[in-house]
Structure formats: C-alpha cells, structure tokens
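There are 2 protein chains.
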Amino acid sequence: MEQTVTPISEVGEFGLIERMKDALGESQDEDLLAGPGDDAAVYRAGKGRAHVATTDALIDGVHFSPDMMPLTYLGSKAVSINVSDVAAMNAVPRYALVTLGLPDNAYVETVEELYAGVRQAAEAYGLTVVGGDTTAAHRLTISVTIIGEAEERDVVYRGGAEPGDRLCVTGDLGGAYAGLKVLMEQREALEQKGSDYAPDLDPHRYVIQRQLAPTARLKTVQDWAERGVRPNALIDISDGLASEVHHICEQSDCGALVYEEMLPFNEETRQVAERNDDEPEHYAFYGGEDYELLFALPEAELDRLEAGGLTVIGECREAGDGVRRTTPSGEQRKLEAKGFEHFGA
Amino acid sequence: MEQTVTPISEVGEFGLIERMKDALGESQDEDLLAGPGDDAAVYRAGKGRAHVATTDALIDGVHFSPDMMPLTYLGSKAVSINVSDVAAMNAVPRYALVTLGLPDNAYVETVEELYAGVRQAAEAYGLTVVGGDTTAAHRLTISVTIIGEAEERDVVYRGGAEPGDRLCVTGDLGGAYAGLKVLMEQREALEQKGSDYAPDLDPHRYVIQRQLAPTARLKTVQDWAERGVRPNALIDISDGLASEVHHICEQSDCGALVYEEMLPFNEETRQVAERNDDEPEHYAFYGGEDYELLFALPEAELDRLEAGGLTVIGECREAGDGVRRTTPSGEQRKLEAKGFEHFGA
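Top to bottom, those sequences are chains A and B.
Okay, so the first sequence: first residue is 1 according to the numbering used here, each after it adds one.
Okay, so the second sequence: first residue is 1001 according to the numbering used here, each after it adds one.
Source of the hints: derived by calculation from the structure; they are not laboratory data.
Errors might be hidden in some of the hints.
Claimed, not checked - Some chain A residues close to chain B (C-beta under 10 Å, calculated; not the full set):
#1 I17
#2 D22
#3 A40
#4 R49
#5 T55
#6 D56
#7 L58
#8 H138
#9 E299
#10 L302
#11 D303
#12 R304
#13 E306
Even for Gly, the Cβ is constructed at its ideal location relative to N, Cα and C.
Required output: the full structure, derived from the provided sequences and hints.
Structure below.
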C-alpha cells in the first residue's frame, strides 16, 4: 500500500493549523467562546467572567541558542511571550503551568536559574505558577501555559475591526530582530577572533534586551481598563507586523492600509538595519518577536488614550481593498503576509 | 569563580520539585486552592466552582519509542494521562491545549494521525481541544494541558486520609509494565530474527493495550458523584503504587499497611511476570503507568460503591506506624517509595 506523505513546508504553519482544526472537528461546548485561531482560547468561568488559556514553548536550537541566551532571561521570556497572548485578548494573567525538558547536561542549578527568571516575570505580571511537569529531554525546552481572566464583555478578538478604524501599535517595532542580528554578528566575531575578544555590546543594549528579555504589554491593557477603552480588534506582534495585520483583516473581513513612514523605530534598530544594508521596515514587517500590541480603534476613541503610548500606523479598509502598504514615496503596494515561520519557506 | 553544579540524579525528581517550589516562593493568590504538589493545581472559577489544571508531556526516546507506539495511540495516551490527573482531583475535564514538537521527518500525516488519537480521547472523555502550539523540535513531543472543573467542596486532595480509612484501587495493577516488557521482548526478537518474523502478540493483547492505550478512570469519578461518595484522599497511579501510597501518607500525615496478597492482577500480567521470573507485586509497586486511582475511604462508605469497581488493598494507619506491606506469609516489611523516575537511580 502506498502512503502519501505531505511535507509540512508544503502547507506552512497556518495550513497545518487548519489541518489540525479539521482533524479535531467542531466543538459542542456551550461555554467555549473561542477555540483555536485567536491569541488564546476563551471559555466562560463563572457568571459574566471569561478565562483565556494559551501555551507557547521555547526549544534550544529552534527558538534560542543557549550560548546567546542566559537561563534567567529564558525563563522570563517564556512567561512574557505567553502573557503577551493573554494581553492580546484584553485579559490579565492569573496562573501559569511550566513544563521543563532537561537534557543530560542540565543541573539543579540550571533549573534554579530558569525558575529565577520565571519568578521575576511572574512577579512583574502578578501571576502565580501553580504547577507543571519536569522531564528528561534531548534539548532544553521550556513550555508555559497561562490562564488569564477578564469580564466576558471585555474580551477582544482578532475579528472585530471595522473599515475606518485606526490601526495602532504600542512601543516600537523591529527591535527584537535587530537584537538577534547583533547577537549573531558578535557570536561570529567571537568564533573568528577567539575568546580573548571582548565584544562591545553597549551601543546595542536596547535591541539586545528586546530580543532576550521582551516585556508583554500588560500595562497597556490595564491602562485601557482604567480609561474604559476597548479596541475593536487586538493581536500581539509575535510573527511580524505583516502577518498580524493579515490575521486581523482575515478574521474581521476587512482590508487595511499600512503607512510605512509611520512605523515606529528605536534609533538602535535603524542603526543596525543601516549597517546591514537592510530597511528597518523589513524588520518590523517580517522580523517578529516584538511582542507589541496591534489594535484597531475607532478614530473618536483615540483621544481617550495617552498620545505617547501608541502610534497610528494605518487604517482599516473595505475587504475589497486588500491589505496594502504605502511607501514613503506615496506608492501603494500589496503587503505580503509572509512572516517568520518555524516550518517551511 | 567556582560554580557549584548539582546533578539532578543527586536530588531526584521529587527533590527537584522542592527546589523549584523554593525558587518560586509562596503564592499570595487568594483564589488559589492548591499549587504544585497534588495531581493538579486547583483555583476558584466562579462562585463555589473550582477549576483544576494539569500538564504532562510525552517525548520520543524518554516516554515512548516510535517503533512500538502507533501515533494514534500516542495522541490518545497524551490526553488520557492528563485526564487521569484531573480525575485524581475528583474533577471532570473540560478543555485541552495540545503542544506538538515535530522533528524533520514529521509530515502533515504525522500530525493528522496524532490528532486522530487526540480526538478519539477527547470525545471519549467529553472534553474540547481549544488551542495549543506547534513547533519544530529535535524529537517528536506531545504535551497536553487540561483544565477540568468541579464544585469546590467536591475536590479531593492527596492530604485528607485518616487512620482507619480503607486504601482502595480501581481496576488491576502492573499491566502497563507487563505490556512494556512484552513489547521490548518482541522488538528484540524482531531484531534477532529479521523482518520475516511475525510476533504473536495475541496472548498479550490486554497488557499491551494497558501500555499503549491506557484509559483514565473518569467513569469512576462520575459514578462517585452519582452515588454521593467522596473519598478522603485520592491520587492516580502513574509512578507505581508504592510511590503513590507514600504521597498520600506524607500529605495526610498518616501511615499505611498494604496487603500484598490483595493486589489485583490480570491473568496476562501474572503470566508475563512468571515468564520473566518476576513477582507481579513488583510490577504493581514500581512499574507505573497503570493510571488507576488509589483512594482512601472510611469503611462505612464502602457499601455505597459497587463491589466490582474497586479492590481494598490496605488501610491507613497512624503516622508512627510508617508505610508497610504484608507479604503473603504474614510478615510486615517497610514499603520502599522508590518508583519510576525519569531522572536518577
């Protein structure tokens, strides 16, 4: 009997997720508000309350290199990237489960360093680690599940943007990718020049911190709650801005125009891009790992937010307009969705 | 500067968990009812309701060998072992998150087979897969997180057993380990005799099924709810009976006496043990992976349960009596806690 095998690269990460949803079938659970396909799953937990649940793993050799990633940072980052998904539902994190896969060369101290980072992040975000699993593994792995909560009516999905909404981002973009570039350059220099070489990382502190120790934008979500602001659509920028704009447009059934000249960059990000003959916009669109929030807000709501906390980078359009970007010269081009994928091209 | 490194084998899996709890510090969350240290974490979710959360991973080369474990079974088992932890809190599972780590030789069909097993189990236990994470990895990995629920007053912990309680188990013991023995024997025979050799697995169907496709005792928990029975202490048998009896005794601050001659075995388990010159009691105490329930119940409550559904295998004693077993000849010996650990001796 001949068996068909389909390389995962042929369907891509998002294609694979579709296959998985097909394999699972439809849910009949009436307390389930959102299954796979948003930043986190959402289900009712008590009258008017919703819980959100999300999980993300970091694996040695796939998501990080141990020689560039101190263990404390790794523990902290594993929590932050999950809190970012919780924030992207307009919810706050409550509980975390931490699974560690430990290779032969791991020691008790490895675990303690990782957990020091987990604790720092847990305290910063006000969540509690309630359990997990620890096992032998071939490569160092840390996988975190976070359960968060919100009023049911406050949860924000990817699918609520309306034509005319402003598209906004928090913070600045492309920094995490610039930081990765710097770390890889320095590793190469170390290999070439030997261990006497002391790299000067000081001019790149900001972008390196963006790569190694990202902060989830939970404070933004808390600020919205205080001001009574609720975006129409919300997603975190983990795969790159281009991919996230497409997710919002697909699920909101709208189009978008992104103003390339409005994208916010840190000066260090610009410098790294320039030195590499890259455009910083490319880092923002396709670099990933910025863990900022992208949200769609009616123009009238903009005044209720502090001007310094966000940048308007575009607008939602009718679905027929597609997803486009304006270049600084005023041209409009299609915004390709291609983001950072761990599988395929 | 000299750095101390402590091999994990020196502190063992349970010692490592203590270090991790120390590294995390005490929780201040007033809705948290139980953190690390039971089968699952427990927190309030609505008035009088509790949610339980648990996570467990299966990794190629650590927890299973791909040549002995069909992918559909693997998907199903990864769900079952987590449902077993939920049942061990006297709760029912509601939602699952599934994380897959896929090596280079994985195909779309690999994922679909795994998910067919996940779906079968999800349907059998009445839970819904609501999300997860999929990533490249060095070895095939499936990690499942399950969120279950119960009335707050119905949750049963490890720590409620009283001297005089009967110690009971569901089903039979040692079968999963007997199944593993058979599978390993057959693999060796295949290697020696070549691929023309067709092993006769039929006499071992039951124990192989116990190893590859365990069933969590959710029906037992549902039966208790219907009969209004609530054990004083409850744990699932994943590491072997000896280890689980010790967990209950430590957390209940009591001793125990296990009647070795009362341990329930399937005939196939006895046969495999005999052929290997082993004692089936050894499989029950130290084999692990049976996913039966061990519970402590006041004697008066026994009549309220169906006789066929459980075996009384011992009794709880005063803490000073320690944890002992009676051999068939009437002797009493210390019951060693040593169970199946993925780290250390």
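These are the hints, each one checked on the structure:
no.: 1; hint: I17; result: holds, 7 Å
no.: 2; hint: D22; result: holds, 8 Å
no.: 3; hint: A40; result: holds, 7 Å
no.: 4; hint: R49; result: holds, 7 Å
no.: 5; hint: T55; result: holds, 5 Å
no.: 6; hint: D56; result: holds, 5 Å
no.: 7; hint: L58; result: holds, 9 Å
no.: 8; hint: H138; result: holds, 5 Å
no.: 9; hint: E299; result: violated, 33 Å
no.: 10; hint: L302; result: violated, 32 Å
no.: 11; hint: D303; result: violated, 35 Å
no.: 12; hint: R304; result: violated, 31 Å
no.: 13; hint: E306; result: violated, 30 Å
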